[in-house]
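Position chains B and C against the provided structure of chain A, taking the given hints into account.
Protein chains in written order, with our numbering: chain A, 5 to 314; chain B, 5 to 314; chain C, 5 to 314.
Derived from the structure by calculation, the hints contain no laboratory data. Incorrect hints may appear among the rest.
Treat identical chains as interchangeable: a pair holds within one or across any two.
Said to hold, decoys possible - Calculated pairs, SDA-like style, for lysine to any residue (alpha carbon to alpha carbon, straight line, at most 25 Å):
{"id": "1", "residue 1": "Lys-86", "residue 2": "Pro-54"}
{"id": "2", "residue 1": "Lys-86", "residue 2": "Phe-52"}
{"id": "3", "residue 1": "Lys-86", "residue 2": "Gln-111"}
{"id": "4", "residue 1": "Lys-86", "residue 2": "Gly-155"}
{"id": "5", "residue 1": "Lys-86", "residue 2": "Arg-110"}
{"id": "6", "residue 1": "Lys-86", "residue 2": "Pro-109"}
{"id": "7", "residue 1": "Lys-115", "residue 2": "Asp-279"}
{"id": "8", "residue 1": "Lys-86", "residue 2": "Asn-75"}
{"id": "9", "residue 1": "Lys-259", "residue 2": "Ile-219"}
{"id": "10", "residue 1": "Lys-285", "residue 2": "Thr-152"}
{"id": "11", "residue 1": "Lys-115", "residue 2": "Arg-34"}
{"id": "12", "residue 1": "Lys-259", "residue 2": "Thr-39"}
{"id": "13", "residue 1": "Lys-115", "residue 2": "Leu-202"}
{"id": "14", "residue 1": "Lys-86", "residue 2": "Gly-131"}
{"id": "15", "residue 1": "Lys-86", "residue 2": "Glu-53"}
{"id": "16", "residue 1": "Lys-148", "residue 2": "Glu-314"}
{"id": "17", "residue 1": "Lys-115", "residue 2": "Arg-57"}
{"id": "18", "residue 1": "Lys-115", "residue 2": "Val-271"}
{"id": "19", "residue 1": "Lys-86", "residue 2": "Ser-55"}
{"id": "20", "residue 1": "Lys-115", "residue 2": "Val-247"}
{"id": "21", "residue 1": "Lys-285", "residue 2": "Val-121"}
{"id": "22", "residue 1": "Lys-115", "residue 2": "Ile-209"}
{"id": "23", "residue 1": "Lys-148", "residue 2": "Asp-208"}
{"id": "24", "residue 1": "Lys-86", "residue 2": "Ser-193"}
{"id": "25", "residue 1": "Lys-86", "residue 2": "Glu-273"}
{"id": "26", "residue 1": "Lys-115", "residue 2": "Pro-276"}
{"id": "27", "residue 1": "Lys-115", "residue 2": "Gln-157"}
{"id": "28", "residue 1": "Lys-285", "residue 2": "Asp-223"}
Keep in mind that this is a model prediction, so the values were computed, not measured.
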Amino acid sequence: MTSLITMDDLTNEEIISILDIAEQMLPIARGEAYTPILSGKVLANLFFEPSTRTRMSFEAAMKRLGGSVLNLGDVSTSSVVKGETLFDTMQMMDGYADIAVIRHPRQGAAKYSSDAVEIPVINAGDGAGHHPTQTLLDLFTIRKCHGTLEGLQVALVGDLRYGRTVHSLSGALARFGSSLTFISPSSLSMPREIVQDLRNSGVDIVETEDFLGSIESLDVIYMTRIQKERFPDEEEYRKVAGVFCLTAKDLVNAKKNMIIMHPLPRVNEIAPDVDSTPHAKYFEQAFYGVVARMALLCRLLEVDVQEAIE
Amino acid sequence: MTSLITMDDLTNEEIISILDIAEQMLPIARGEAYTPILSGKVLANLFFEPSTRTRMSFEAAMKRLGGSVLNLGDVSTSSVVKGETLFDTMQMMDGYADIAVIRHPRQGAAKYSSDAVEIPVINAGDGAGHHPTQTLLDLFTIRKCHGTLEGLQVALVGDLRYGRTVHSLSGALARFGSSLTFISPSSLSMPREIVQDLRNSGVDIVETEDFLGSIESLDVIYMTRIQKERFPDEEEYRKVAGVFCLTAKDLVNAKKNMIIMHPLPRVNEIAPDVDSTPHAKYFEQAFYGVVARMALLCRLLEVDVQEAIE
Amino acid sequence: MTSLITMDDLTNEEIISILDIAEQMLPIARGEAYTPILSGKVLANLFFEPSTRTRMSFEAAMKRLGGSVLNLGDVSTSSVVKGETLFDTMQMMDGYADIAVIRHPRQGAAKYSSDAVEIPVINAGDGAGHHPTQTLLDLFTIRKCHGTLEGLQVALVGDLRYGRTVHSLSGALARFGSSLTFISPSSLSMPREIVQDLRNSGVDIVETEDFLGSIESLDVIYMTRIQKERFPDEEEYRKVAGVFCLTAKDLVNAKKNMIIMHPLPRVNEIAPDVDSTPHAKYFEQAFYGVVARMALLCRLLEVDVQEAIE
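If we strip away everything but chain A, and leave its shape as in the complex, we get (with noise of 0.2 Å):
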């Protein structure tokens, strides 16, 4: 692996292995110890889409591991506004950077950047393609509070049919053994050939509209923002939206270690009142975010994590 465009470029065994330093990487993420390992190395953030917590927590976990960061900026105003080409855009980071974060609105950016360059590249969102790093940040956050990626019950609620992050987990679980809940209205339903694919890989998958009725034997929760814009009917959205939203009373017959997440920003999927329930573990998952991506920065740019560390 010298960059990190989708979660296939990636084996099990590579994502045990990142996992495993993103552990290692908690108290310096907190503040609690500073081994400033990337200290010289230079990162690029080239979001050419908006962007704060993917592109916050890159910079948290460059800085936290003493490293810095360039940041592109506002589109609008760059050399990306005079004509220049995404290739020469990435010719001048080759240069200026050892490794480099990118966000763009065109599926197959990431891969044709990595492509142009020699420095390594992160994928962070392609249009609808892939987002590999908010993969590794909800594995890991699985992983933390359950112990294990195998042999779970996750059900995956919301918009599953545009969004690119519960495509990429779906993908990701299966290929660790868990069995799969689709909890979506009709209309948003996951694409077909991702759950094809998934069964014919043995994945044990069930699809639903029922929001609630198998909440006692789920494990995981996974909840997305439905977005009022995929709806021809504002009528039609209300109806779905105020199905789709998770309250604290709603959690009475969940297992005791069922965790909720979410990749934020949330707007009224999950109510305020379950954020104070032990379930609740989308914040703490944001901040996973940060060790995912350091223990990624290291991996790309061959730092010897172990070696640093003692």
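Frame of chain A, contents of chains B and C only:
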């Protein structure tokens, strides 16, 4: 003290202690010494309203001490636009940073943010509310120039009605026993309740529209910007704005060690010919913003400066 | 030299000395070595006009050497909007940073800024004025590829009328005894006074509209972007733009070690098939911007590189 929301969070002893630490920071802030006592620490700079001076001086303060800064960046392209609540944004910061600085248009937002997270929060202006680090640097400047905060004659000039800076400074100076002269057009006079509170606590206060009448007796003239948009009638504005403009020739009767301060940016309240007089301290005052913030960051991050520096 | 406003601030010896230091910076800029000789130093990046390449390469230069960067950020939301003068903004920077880089739409703004403060100021472009660090990196690239700045045949191509880059580079190359060929449509030819000055100082100059006629004799082809908006008539633009486009097949008669340069961003002046020829040096040139700026920062901050590196 675990956060700084208003000056009321600090005892007089704590204020003096912060000013003492700020004094020790001077060579580091000037780049004459480098003591990275905050290395590995991460500050989140959350400016929901634009700011140049306050934002950059916090950033300089952190970096002079070896720390790192995460900028939320332009709010119009952040997750706030996707409907994220301030509570949720703060949870994210709680996971990314060791301390946060927040400026927000809504009064009370800093307190709300501080209550939402475990990391210390510094209020850098909450609408018509408070801006305590401005007061700390103002106090530092006065003490630096006069050697004391006690027994001084301080005039506050200009827009005393809307300026949070002068409200907060009045209260702080009163706590140290200085006498106050409030000089403003009647339409922009200090709010009645503030004047009453100060008088009730025994402070000697003069209110006047006469700009330069008492200049011989003053130790400090604190100028502020009169904002045109406060006046319904441009003619009214012009009359007032012209009168409250300090020029070098106005200073002939001033005490030798009288100092002129301004929170900046200035527009035309202080003529450029004042800049080269020994009274002009507003640019030094801006610089002292760095040391005052360095001291505060060390306090809130619980770094023992004495031990670290020696 | 305490600031760098135009190339006239540097003697030939000083230029050579900066290029020599830049040479030593190569492994650090490539991330192969980390020598934080500017740790604790703070650079203020003041871009009153948008810039991607120059801004990011100064930032990379500073960070590769362990220094920190303060960005003024988007001018449309800065204190400049509140009516602050450039003089006052610079006073603030004098207190926050050890050195400042300024790009400003107004010719003369860099000199004015430099006169206003005690810290060194680097001109990164002042309207139609100067952009000396571009010239330093251009000279570095030429010397790196040809081993010398003397006795070369250099063609400058494209918009020679408005481009501050080619004005400044012509003068510098002339000082080192290279011969110049100016290739442009007549409407965009090199200003008469520049040509006259160069000829008066004994430089060998050819002016032509014939793009490729003399290619066999050239050591350097320096391409520039022709901006559509310079032409009153789009038809006129298209005729010219089509002619001044370099393709791989144009290079068959070129010397083996002839190099092609471009300040970037390019639009269509150089076809992508040129990129893979050994003549293409424009991406390396962009990278050399980092080392040239590293060297300059060390010089102006008075860091003894020899001593620091050994």
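Hints versus structure:
1. Lys-86 / Pro-54: both (19 Å within a copy, 11 Å between copies)
2. Lys-86 / Phe-52: Both, since 15 Å and 17 Å are each at most 25 Å.
3. Lys-86 / Gln-111: For Lys-86 and Gln-111, both the intra-copy (22 Å) and inter-copy (22 Å) Cα distances are at most 25 Å.
4. Lys-86 / Gly-155: Classified as neither; 52 Å inside a copy, 35 Å across copies.
5. Lys-86 / Arg-110: Cα proximity of Lys-86 and Arg-110: in one copy and across copies (19 Å, 20 Å).
6. Lys-86 / Pro-109: both (18 Å within a copy, 17 Å between copies)
7. Lys-115 / Asp-279: Between copies, since 20 Å is at most 25 Å while 38 Å is not.
8. Lys-86 / Asn-75: both (18 Å within a copy, 22 Å between copies)
9. Lys-259 / Ile-219: The answer is within: 8 Å in one copy meets 25 Å, while 74 Å across copies does not.
10. Lys-285 / Thr-152: within (16 Å within a copy, 51 Å between copies)
11. Lys-115 / Arg-34: between (32 Å within a copy, 23 Å between copies)
12. Lys-259 / Thr-39: Close neither inside one copy (38 Å) nor across copies (51 Å); limit 25 Å.
13. Lys-115 / Leu-202: Intra 24 Å, inter 48 Å, cutoff 25 Å: intra-copy only.
14. Lys-86 / Gly-131: So Lys-86 and Gly-131 pass the 25 Å test inside a copy (22 Å) and across (17 Å) alike.
15. Lys-86 / Glu-53: both (17 Å within a copy, 13 Å between copies)
16. Lys-148 / Glu-314: within (23 Å within a copy, 41 Å between copies)
17. Lys-115 / Arg-57: both (22 Å within a copy, 23 Å between copies)
18. Lys-115 / Val-271: between (31 Å within a copy, 23 Å between copies)
19. Lys-86 / Ser-55: both (23 Å within a copy, 11 Å between copies)
20. Lys-115 / Val-247: neither (38 Å within a copy, 34 Å between copies)
21. Lys-285 / Val-121: Between copies only: 15 Å across, 37 Å inside.
22. Lys-115 / Ile-209: neither (30 Å within a copy, 46 Å between copies)
23. Lys-148 / Asp-208: within (23 Å within a copy, 62 Å between copies)
24. Lys-86 / Ser-193: Result: close only across copies, 22 Å inter versus 41 Å intra.
25. Lys-86 / Glu-273: Close across copies (13 Å), not inside one copy (41 Å); limit 25 Å.
26. Lys-115 / Pro-276: between (39 Å within a copy, 19 Å between copies)
27. Lys-115 / Gln-157: neither (33 Å within a copy, 40 Å between copies)
28. Lys-285 / Asp-223: within (12 Å within a copy, 57 Å between copies)
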